[in-house]
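Residue numbers (numbering that gives the first Met the number 0), protein chains in the order written: chain A, 0 to 281; chain B, 0 to 299.
Please keep in mind that the hints were generated in silico from the structure rather than gathered at the bench.
No experiment lies behind these values; they were computed from the predicted model shown.
One or more hints might be untrue.
[What the hints assert, rightly or not] Examples of chain B residues lying across from chain A (beta carbon under 7 Å, computed):
#1 N10
#2 A12
#3 G23
#4 V34
#5 Q182
#6 V183
#7 L187
#8 P208
#9 I222
#10 Q227
#11 T230
#12 G257
All residues carry an ideal CB built from backbone N, CA and C; glycine is no exception.
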Amino acid sequence: MVWGRRSGWRSWLLHGGLIAGAFAMIYPLLWMVGSSFKPDSQIFTELSPLPRGLDFANYARGWTLGTGMRFSVFYVNSFIVCAGAIAGNLFSCSLAAYAFARIRFRGRRVLFAVMLGTLMLPFHVTIVPQYIIFHTLEWTNTFLPLIVPKFFAVDAFFIFLMVQFIRSIPLELEEAAMIDGCGRFGMFIRIILPLIKPALVTTTIFTFIWTWNDFFSQLLYLNTQDNYTISLGLRQFLDSSGASAWGPMFAMTSLSLLPVILVFLFFQKRLVEGIATTGLKG
Amino acid sequence: MARFRRPLGENTAGYLFLLPWFIGLTVFLAGPTLVSLGLSFTDYNLLDVPNWVGVRNYERLFTQDRRYHNALMVTLTYVMFAAPLNLAFALALAMALNARIKGLGAYRAVYYIPSLLGGSVAVSILWRQIFGLGGIVSQILGFFGFEGSSWVSSPSQALWTLIILHVWQFGSPMVIFLAGLKQVPAELYEAASIDGAGPWRQFRVITVPMLTPVIFFNLVLQIINSFQAFTPAFIVSGGTGGPLDSTLFYTLYLYLQGFGNFRMGYAAAMGWILLVIIGAVTALAFFSSRYWVHYEDAGR
């Protein structure tokens, strides 16, 4: 029974309210996308998000405007950083998660508690010494400070996610493998990794979104335009080109959200499950 | 991988698997946390050798630095309004969507999208325009006959634009609430109905108590996250925390001191105070949870 327990008019009322609320929620985004197709003179005089036509002039202007660098460079940089972070998280978090979920080594309870504790560690406590490390290694203004830590499982959220997942896999599979002479590493590669694919996908999606949206660490470590990511490229619209470039600015901000929206559309189910089971922030 | 063919001792295997994590913990998390504590007692500008100054950084922060006191107040105000309002919307919408409604997937997706995009620079830029002069907000207010003004450049309103931006992202706690609501046994509602309890009473007597663990979880998460907000304040204020420091978030001030003025010892002290504040607030939440959080399966 699709309409639930509610009588007709109450159901209509609920839907009316929900639709109005949904419209209010996404209106700012619609307005932004609409404005990206409008000439500057119309952007701040019209409330309607609908443009009068599909004019891509703002996109062409925005792609190169005011930065001296094309957005293609920023996109490539963002994708490199995302790919590196994803590879790092998949590698390091799955290894750690397997140990915490399955292996009975001494001190696992304490270490597990420490791992959970790092979930609450504010980024800003560690940032000064981290910066000093990367400065000393002369890694500033490269992608390394944004990628290398991920290969050492600094995002405990994903370890936790995978631990939960591995614990739901029956032990019998590994016991059978052990009888066949399979070591821990073999079990991990041949049995666990294929079975935790959903958790690996969730990790990939969230790492992508967080890295794509990240601003603070990119601001900290990347200083020259040829290394700028999307976040830093967009920020330049605030510094330089000033009041005359609203259209191109909205064109580039709209475009920058597209990869995240595409990922969301394709992996919605995984995302929702990921949040619901671990409380990952969106 | 011949080395791994024979079952290793569980200890060796465990430590090997944990090696990357353990290095990361030492080099990037626990180590820096301790080094940060040490640095907080020094003057350090990244080029010269750190100069031991004792508790002077803390003394200055606590007693002299008015900008710091202001940043603390701004951040506390932000957390106090943004986190609970966000959760209130999240719970209300989760309740509405939980009523076996048609099109749940579509509604959930639309309400969730702001959470997904809200942390980006793009949305912060958008917000700056929406609440700026001539933006949607001043146009709508103008339509109703109010003086159109720029919230972003008003010291009394700028912080509210950021609070609204945070509240707008209630989608992810909403999804967690939805998952929690599904766990509430339907028999409880049936029994309550038979006893003549109306919807409001059912909400108060069944839904809220059964949901307190999830509310608690969301609350802790929200507090920790909103204390650390940075991007919206930086972008909306153009990197200054203005107007008149009204959006000078704690993290933004830390950034300006540490990486704008290169007073890294000072920034480290601020980082440690933040750690203590977040730790204390979280501990308070845990302590208070004994009195209001109801664990159904406590004995299981």
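query = Looking back at the hints listed earlier, which ones does the structure fail to meet?
reply = 5, 6, 7, 8 and 9
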